[in-house]
Structures are given as structure tokens and as C-alpha cells.
Amino acid sequence: MSIHDLINDAVNRGRLFYLPPKYSIYAVKRSIFITQEIKDLLEGYEADHQWKIRGEELRADLDKFTCGRPIVATFAPKRERSVLWKRLLKSSEEIWEVRSHSEPALRVFGRFAEKDTFIAVTWALREHLDEDSEWNRCKQIVKCEWRNLFFANEPFSGDHPNDYISNARSI
Amino acid sequence: MSKVLSKGDLAYFQAQTRNLLHELVLTEFFRLVDEKGFTKTDLAKRIGRDKAQITRWLRSPTNLQIETVSDLLAGMAGYLDPNFIRIQDLPVRNQQEPDWARFSEINIPNIDNAKQSVILGRSSSTAAST
Chain Y
1 MSIHDLINDA
11 VNRGRLFYLP
21 PKYSIYAVKR
31 SIFITQEIKD
41 LLEGYEADHQ
51 WKIRGEELRA
61 DLDKFTCGRP
71 IVATFAPKRE
81 RSVLWKRLLK
91 SSEEIWEVRS
101 HSEPALRVFG
111 RFAEKDTFIA
121 VTWALREHLD
131 EDSEWNRCKQ
141 IVKCEWRNLF
151 FANEPFSGDH
161 PNDYISNARS
171 I
Chain C
172 MSKVLSKGDL
182 AYFQAQTRNL
192 LHELVLTEFF
202 RLVDEKGFTK
212 TDLAKRIGRD
222 KAQITRWLRS
232 PTNLQIETVS
242 DLLAGMAGYL
252 DPNFIRIQDL
262 PVRNQQEPDW
272 ARFSEINIPN
282 IDNAKQSVIL
292 GRSSSTAAST
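First to last, the sequence lines map onto chains Y and C. Per my numbering, residue 1 is the first one in the first sequence, and the count goes up by one each step. Per my numbering, residue 172 is the first one in the second sequence, and the count goes up by one each step.
It should be emphasised that the hints constitute simulated quantities derived from the structure, not laboratory data. Among the hints, a few may not be true.
Said to hold, decoys possible - The list that follows gives simulated cross-link-like pairs (lysine-lysine, DSSO-like), each with its CA atoms no further than 30 Å apart:
| id | chain 1 | residue 1 | chain 2 | residue 2 |
| --- | --- | --- | --- | --- |
| 1 | C | Lys174 | Y | Lys90 |
| 2 | Y | Lys39 | Y | Lys115 |
| 3 | Y | Lys90 | Y | Lys139 |
| 4 | C | Lys174 | Y | Lys52 |
| 5 | C | Lys178 | Y | Lys29 |
| 6 | C | Lys174 | Y | Lys39 |
| 7 | Y | Lys29 | C | Lys207 |
| 8 | Y | Lys52 | C | Lys178 |
What the hints assert, rightly or not - Residues from chain C that keep clear of chain Y, each with C-beta distances beyond 10 Å, as calculated:
| id | residue |
| --- | --- |
| 9 | Glu194 |
| 10 | Gly208 |
| 11 | Ala215 |
Even glycine gets a Cβ: it sits at the ideal position worked out from N, Cα and C.
Kindly produce the complete structure, drawing on both the sequences and the hints.
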């Protein structure tokens, strides 16, 4: 099965959800698929009013990707704090974080299935990521969920942010 | 247009506006980089800031305030010329998923035409046009 077949299958089984731009006036240039965990976050984590607002702010950040806007992306090490899309070390794991800087700052973790197609798997509050154990936990979730969804299919791999994201720029 | 927007809807558009302002600065900066060999150091000198601060501003929309946007654009010999986009004049797009998608719309969250109509300020019976 191709990666497209596997994504279609996962969506039809309710394991992944396709995330189009929030409003259908926007053209779609890239694709994001999300797990139930990310869907719950976007729709209002713990049914809390502040979290509903935070979910909408994250949605705007993700829609920026989906609508094909220029994306600042990097492979650089951890100290590159303010970039929005970043492939984590170690690179062979092919795990990316999406940084959403509104308060409370949070990170979405996932992998690319192909260029411009991102599978968003899990998330964490930035303040909880000061310890390596939380980073490792998030990375393990991504790897485990990837195996469950796509079996032996490897995540997409590239040598430059532009290999993953069209119109990506590094600062 | 008489319906009240939720705080969530307002938060979405606030974040989008921040992202668009950031994109405006970024796009112009990279145009100057590509066409004129302009650098972050050049920009920093022109507006009396250090290069590290310029880097932080260019990397993330949340680091930008209106005054900062003004400084950065002035540093690139420009200014902001905002337009008000009437959402209700924009076409609704039928094709929202990739060409290869073979899944039911039931598995696409937040496709709520009635709610969209409230936000977009138009009748829910408006036909999709693209």
C-alpha cells in the first residue's frame, strides 16, 4: 500500500483526521492530518474556555502551514528557540516539532509522510519540556503511533527544510 | 452580521493577523536578501538594533508588536499599507482536501457550514463557487 492508501485508510477508520483550513475561503497548498489527541486540543482541551481559545490560536498556526504560507523551518540545535517548525535531534528519527508561541506555549510533534504532508501525533506544554524525559516520552509516542498507522513505512526524509516544506525559509 | 463572534473565533483571527504581519516582514526581507544581498546586519544597523534581536523578530510572529513591524518595514525602506478584506466577497472552495484523498467528509472536523456562515457574514445557502 502507498502512503496515500495508508493515510486514507487511517482517516476512514477514525485514527487520523484531515485538518483543512478552518474557513473554506482559503486555498489548500499543504496537508495536515491529526490524531484524536490533537483534535481534542484544537477543539478545547478539558472543555476549558481558555483552552478553547488556545486551540483556536494553534489552529491559526497550523492553517498557516496548510494555506501554503512561507514557513520558517530549521534543522538547527535546541538553542534555536523561536523558529516555528523544527526537525528534532536526532535527525534519523525524523520527528518534527511545531512551536506555537501563544501563551501557554506548546509544541506539537509529528512526522512528514511526504513533502508538504504532516502527520501531527501528540503535543506538550513547553513548560513541561524542560526535562529530557518529557521530550523522550513525546518522541516515543510519535514513533509508536507511526508504527500503528503506517507499519513498516518510514517517515519522509530530506536534507534541507525545503525538502519537507515548500516555501520554507531559514533565518 | 448581527451575530456575536466567540472569543475562540476572535483568537483565531488575532493569531492569523500576527502571522500575516510576520509574513509581510519576512517576505520583504527575503526579497531584499535575494535581490540586493541585504542582510540582518544591514537591517539591524538601519534601525539601531543588534543582529540577534532582528533574528528573534524574523523567526517568530509572537515577537512582533505593531511598533516593531513599523521599525522593520522602515528599515527595509517601506511601510505598511493594510487592506480590509471582505470575507463575504471571497469564494468558498469546494476542494479542501488533497487530490489523492479518498475519505468521507464525516472524518474532516470543523466543516460546519452553518457556523462558517456566521463568521463569514453570509447566508448558509451561498453556493460554493470554486
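Going through the hints against the structure:
{"no.": "1", "hint": "Lys174/C with Lys90/Y", "result": "violated (49 Å)"}
{"no.": "2", "hint": "Lys39/Y with Lys115/Y", "result": "holds (22 Å)"}
{"no.": "3", "hint": "Lys90/Y with Lys139/Y", "result": "holds (10 Å)"}
{"no.": "4", "hint": "Lys174/C with Lys52/Y", "result": "holds (19 Å)"}
{"no.": "5", "hint": "Lys178/C with Lys29/Y", "result": "holds (28 Å)"}
{"no.": "6", "hint": "Lys174/C with Lys39/Y", "result": "holds (26 Å)"}
{"no.": "7", "hint": "Lys29/Y with Lys207/C", "result": "holds (29 Å)"}
{"no.": "8", "hint": "Lys52/Y with Lys178/C", "result": "holds (9 Å)"}
{"no.": "9", "hint": "Glu194", "result": "violated (6 Å)"}
{"no.": "10", "hint": "Gly208", "result": "holds (16 Å)"}
{"no.": "11", "hint": "Ala215", "result": "holds (13 Å)"}
Checked against the numbered hints given earlier, this structure breaks hints 1 and 9; the rest are met.
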